[in-house]
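Chemist: The listed protein sequences correspond, in order, to chains A, B, C, D, E and F. Numbering-wise, the first sequence is residues 0 to 235 according to numbering that gives the first Met the number 0. Numbering-wise, the second sequence is residues 0 to 235 according to numbering that gives the first Met the number 0. Numbering-wise, the third sequence is residues 0 to 235 according to numbering that gives the first Met the number 0. Numbering-wise, the fourth sequence is residues 0 to 235 according to numbering that gives the first Met the number 0. Numbering-wise, the fifth sequence is residues 0 to 235 according to numbering that gives the first Met the number 0. Numbering-wise, the sixth sequence is residues 0 to 235 according to numbering that gives the first Met the number 0.
If you're looking for bench data, these hints aren't it; they were derived computationally from the structure. A couple of the hints might just be wrong.
Note that identical chains are pooled: a pair holds if it fits in a single copy or bridges any two copies.
Straight-line distance between alpha carbons at most 25 Å, and here's what the computed BS3-like set of lysine-lysine pairs gives [what the hints assert, rightly or not]: (1) K51 x K224; (2) K224 x K144; (3) K221 x K141; (4) K224 x K78; (5) K144 x K45; (6) K45 x K224; (7) K45 x K221; (8) K78 x K51; (9) K51 x K221; (10) K221 x K78; (11) K78 x K45; (12) K144 x K221; (13) K78 x K144; (14) K78 x K141; (15) K141 x K45.
Owing to the predicted nature of the structure, the values given are computational and were not obtained by experimental measurement.
Protein chains: 6
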Amino acid sequence: MRPSHRNLDEMRPISIETGVTRHAEGSCIIRIGDTHVLCTATIEEKVPPFLKNTGLGWVTAEYGMLPRATNTRMRREAKVGQSGRTQEIQRLIGRALRAGVDRVALGERQITVDCDVLQADGGTRCAAITGGWVALRLAVNKLIKAGEVTTDPITDHIAAVSCGIYAGQPVLDMDYLEDSEAGVDGNFVMTGSLRLVEVQMSAEGATFSREEMSELMTLAEKGVKELVEAQEAAVG
Amino acid sequence: MRPSHRNLDEMRPISIETGVTRHAEGSCIIRIGDTHVLCTATIEEKVPPFLKNTGLGWVTAEYGMLPRATNTRMRREAKVGQSGRTQEIQRLIGRALRAGVDRVALGERQITVDCDVLQADGGTRCAAITGGWVALRLAVNKLIKAGEVTTDPITDHIAAVSCGIYAGQPVLDMDYLEDSEAGVDGNFVMTGSLRLVEVQMSAEGATFSREEMSELMTLAEKGVKELVEAQEAAVG
Amino acid sequence: MRPSHRNLDEMRPISIETGVTRHAEGSCIIRIGDTHVLCTATIEEKVPPFLKNTGLGWVTAEYGMLPRATNTRMRREAKVGQSGRTQEIQRLIGRALRAGVDRVALGERQITVDCDVLQADGGTRCAAITGGWVALRLAVNKLIKAGEVTTDPITDHIAAVSCGIYAGQPVLDMDYLEDSEAGVDGNFVMTGSLRLVEVQMSAEGATFSREEMSELMTLAEKGVKELVEAQEAAVG
Amino acid sequence: MRPSHRNLDEMRPISIETGVTRHAEGSCIIRIGDTHVLCTATIEEKVPPFLKNTGLGWVTAEYGMLPRATNTRMRREAKVGQSGRTQEIQRLIGRALRAGVDRVALGERQITVDCDVLQADGGTRCAAITGGWVALRLAVNKLIKAGEVTTDPITDHIAAVSCGIYAGQPVLDMDYLEDSEAGVDGNFVMTGSLRLVEVQMSAEGATFSREEMSELMTLAEKGVKELVEAQEAAVG
Amino acid sequence: MRPSHRNLDEMRPISIETGVTRHAEGSCIIRIGDTHVLCTATIEEKVPPFLKNTGLGWVTAEYGMLPRATNTRMRREAKVGQSGRTQEIQRLIGRALRAGVDRVALGERQITVDCDVLQADGGTRCAAITGGWVALRLAVNKLIKAGEVTTDPITDHIAAVSCGIYAGQPVLDMDYLEDSEAGVDGNFVMTGSLRLVEVQMSAEGATFSREEMSELMTLAEKGVKELVEAQEAAVG
Amino acid sequence: MRPSHRNLDEMRPISIETGVTRHAEGSCIIRIGDTHVLCTATIEEKVPPFLKNTGLGWVTAEYGMLPRATNTRMRREAKVGQSGRTQEIQRLIGRALRAGVDRVALGERQITVDCDVLQADGGTRCAAITGGWVALRLAVNKLIKAGEVTTDPITDHIAAVSCGIYAGQPVLDMDYLEDSEAGVDGNFVMTGSLRLVEVQMSAEGATFSREEMSELMTLAEKGVKELVEAQEAAVG
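The shape of chain A in the complex, shown without the other chains (with noise of 0.2 Å):
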């Protein structure tokens, strides 16, 4: 039923590849089937002006996407500005990312997430997130193995799915296909014992409810849980 032929409850393929450029302190590449981001950490000893001397760390995020990342071209963002969409996108990931991270422990730096859609295919904030935990922890095993943090900052994983109902059904991690279609969307954000960091449910046109959503949530759940297993293995 799904255009992708998937089973309601099936991820796309995931793979994360890491150290992908030699200038950030750390880096992956992840794809969910045609959804593509490029994720570097940029670890810098200052933090915004609200953190000065209060010897707390900060964590946050930018994202963008190349102009023919998407099926029509898009306007570069360079040129027009960012979008509300865009500035929404990126304070999502940044949030979401604070909350797998011991803000005390990091110390007064910051590290800041990029994360560039090379390709999109759906779900592009939600591959930001998991592969933007990806370089978060690479960059944050250099400032362990540096000798510069003594308890490690990062508490749990932090990965994030979408799910909505598509031609009626709750389906896992939707594609663009079934994205456009769809009713009702959102994104949930989970840590890797599964407790809730964010929950974004949206219908356009349609309502949904309180059992839909409990649902999606059990769907989210599996999702987080095959995502997390991936970065495991990425980051070894």
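With chain A's structure known, arrange chains B, C, D, E and F on it following the hints.
Modeler: Then chains B, C, D, E and F, alone, in the frame of chain A:
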């Protein structure tokens, strides 16, 4: 236990005053405790380019906050541009209101709902959705009275309320003091028949369980019922 | 002869309601007929860079109009930026208010007066100045009461009224209908003792004589007297 | 008593050099003492959207100042955007010039008058209006000569001069030294027959009486007469 | 003598991988040593306004760099706007590619070549031109295959290489370490038949002679030959 | 054969008038035929952040064009922002002038050279460089005279000229008519001793050979010699 001495499941006082501005097709000031929002609905006989000649109408929203609506003065958005937060909120309001509108029945016209916060004390986006629906309802009533639409395009009430986990307890309708302390908070948008339209739960420096999610949703249902009654009373 | 059936030298009804917002140090809603402006005064213990360490205070103003304050909806300035007209008006309000302030007595602090038009029917800048003075007066009263200033920095009332030549006749306090027809219109800002602070007369598609200028000034003096009385009544 | 040793009612030397640029339909450099403004008039066979198919023409103005026209270098407006002051000035110039134009006789075309200050020493907006009229006059002469208009659309001269209260005395045509010290200053725009077009008197840290206002107006009339003579001489 | 131990006239390893993104009409990743650029070509059946109804096609380019393509993270251009450097580079790429295109044969359509630097180590604009040509070639092949063009609009290869004077010696294909030390550097864009398209030599804190210019050009010819061979191999 | 009837290697008349504005430390109007550029140099006793406490000075340039410097009026850059072309030109002018300056001898101060085109007829960036050098020379003379620098920081003349291939022939100093027809055009910046500083040759819809490049360089040398003589005469 709550700073306002309310029960965990107690809303702040709700008041909706309609017909507050002479120019708008529909208008109200909604007051949820010390959060006051002026909502106006404007009907225009044109639609955005992507809807030209489709026979479908459009409902959109814009959101603003007066510089001294808050405890310390904020910089005027007309000077510094709309923040990502503002854009995220107004996209939410528009989506939420559209969930209660039959766009075929509305016909090829646009209704813009402006929500301007005169005084803020937490929950401004929820107040904006709830008051925005009243302004929209009143504007549509004018269309009906004038015979410009034959079927009522409003399919149900739309109302929203915030919930969160404050001091370890799920609470309903957080004010600013609670909101700034809560590790988990979010908004539920529902119809008059308590179908879900939008769920946004978000943790900062904390996580939450499925059980807590469920308790919050039960609180939200109670709050939305009261908001819908206030809407009913206001629009007569 | 006037659309509102007023006499040539008759003001619209004046009302000033104070204490309208809980956060601002001073606030009022001024209503001059159907023109309604919310004015708030914010005290900050810092001055612009050019006044650092001079011992002098500063009074500045910002002006805005809600999108549906007018008959047809205007584009939101937070989206399109402040127009030249808006900037011109807020510079005028600031200059006008400073004419009634002893900046040595105020001390090195800044008071920002925000004037936001909730409903417009002509004469919004004059209402903003007149109401802005009330908000300023109330904020300064707080400083005096708290013992933070010892000499009253307010030296006199400041009020403003529009005049113009409508249908060949000099008239006082034009509403929107008159304003949009008048070939000559302008604003007079005066102190409580009727000294001039600012005169702005402007013709579009017409010109005027010294005699007419003089008649307009006499009308303005009458209007300002009434506005100052309303200010007196409001601030007690 | 004046820094320039001029009499209270004495203008600075006036010079108007026409035909200074090969491309513009009309052009001049006006020099009022050390204030030098290059004015060009451009005719375009189109009008702004609000005038389409009305048969009416339009005259508009733009104003700029070279970065080193002033004693200390200002930031280039092409880099930082037009200031509120610049926008206010160019709206004034446009309004002023339109007061001397019969827009029906002009026909559905637009004349843009660019006023660029090459060297500034006070009174740049007045010089821009006075010189702008010369450029406009010359451009209109071309239209007449080419038979594109049959009735002369220029109905009268338009000229402007600044006045103010300097060291307690009303003075004519203030230079920068006077301007920066004057508590009261302003501009009078008049026609060749000394009808008023625009009056802008403004006090900063001072106020003024009706009598002083009247004296300033008398000075302005003297100044405008001299400026109109210089315009006559320039356009032949 | 060179940091990379290359000979003075030795290029870095060149690799061009085609078909790297599923959406674009043509695409490649070009790697010149550690400089990696993703190039995509997008065909649109419309041209810029100045070419409407001329029968002529257009080729344009846009250039970007991911924030962590460089050793220290750069600010994201979507946030701060395109720099002058970026605009200069993308104008260059567009001009260069157009030199190898018969715009009559292309017909009234536009091809946009996006060049996004994934990893930077000097010479990014030259890699972008060389890789951009490959993406363009592949996109045009699709047009030919689909019968939408009958004459091949590609008239010749276009490739580019940097040269400079490093440590007093003319060198070919500078990497970042050399580039940041070189007093003279520049870029040569040539066709497959070694005709010149663009020469940009620039000195900072140094100057150069005609003889040196000539030596650099000889080096550039050698580099371009190798790049053209790599292009040939890539497009088959 | 040239529209201006000049020989292939003939410059337009060159004139440089110095001391044209009272405020700038150095100034001139350079006229190359009908291209007229006002150049001013401003000395500031501060340097950009990256040079703080290095002992090195900085020379930078800004470039603008009055809206009616051209045959049809261009939009004012203060309204629409600086184009990529403008930014590219001003970066070129700054780089070019720095090639003739000993930044140690200049000491930690900045000289900003503003080049504003009053009338354009091709070759404005070359005129700006050549005239900019004169303004810079005059400003530095003031520093020397005031004893603020002890070694002359100017190491050589800097001048620039355009060349191109027009109607198949290499020509010197193209005017607008030639420039808009030429398939190949560019600019050579040289020192007084004819060392190269910058070479920018660019083809649009054409290509060129090494031999043609060499011929153009010979023409440029002839032009620069004449420009340097004019600079000598101007600065005395």
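Chemist: Could you run down the list of hints and mark each one as holding or not?
Modeler: To see whether the hints hold, each was checked on the structure:
{"no.": "1", "hint": "K51 x K224", "verdict": "neither (37 Å within a copy, 45 Å between copies)"}
{"no.": "2", "hint": "K224 x K144", "verdict": "neither (28 Å within a copy, 46 Å between copies)"}
{"no.": "3", "hint": "K221 x K141", "verdict": "neither (31 Å within a copy, 42 Å between copies)"}
{"no.": "4", "hint": "K224 x K78", "verdict": "neither (39 Å within a copy, 35 Å between copies)"}
{"no.": "5", "hint": "K144 x K45", "verdict": "within (20 Å within a copy, 43 Å between copies)"}
{"no.": "6", "hint": "K45 x K224", "verdict": "neither (34 Å within a copy, 47 Å between copies)"}
{"no.": "7", "hint": "K45 x K221", "verdict": "neither (38 Å within a copy, 45 Å between copies)"}
{"no.": "8", "hint": "K78 x K51", "verdict": "between (33 Å within a copy, 23 Å between copies)"}
{"no.": "9", "hint": "K51 x K221", "verdict": "neither (40 Å within a copy, 42 Å between copies)"}
{"no.": "10", "hint": "K221 x K78", "verdict": "neither (40 Å within a copy, 36 Å between copies)"}
{"no.": "11", "hint": "K78 x K45", "verdict": "between (29 Å within a copy, 20 Å between copies)"}
{"no.": "12", "hint": "K144 x K221", "verdict": "neither (33 Å within a copy, 45 Å between copies)"}
{"no.": "13", "hint": "K78 x K144", "verdict": "neither (40 Å within a copy, 33 Å between copies)"}
{"no.": "14", "hint": "K78 x K141", "verdict": "neither (35 Å within a copy, 28 Å between copies)"}
{"no.": "15", "hint": "K141 x K45", "verdict": "within (17 Å within a copy, 40 Å between copies)"}
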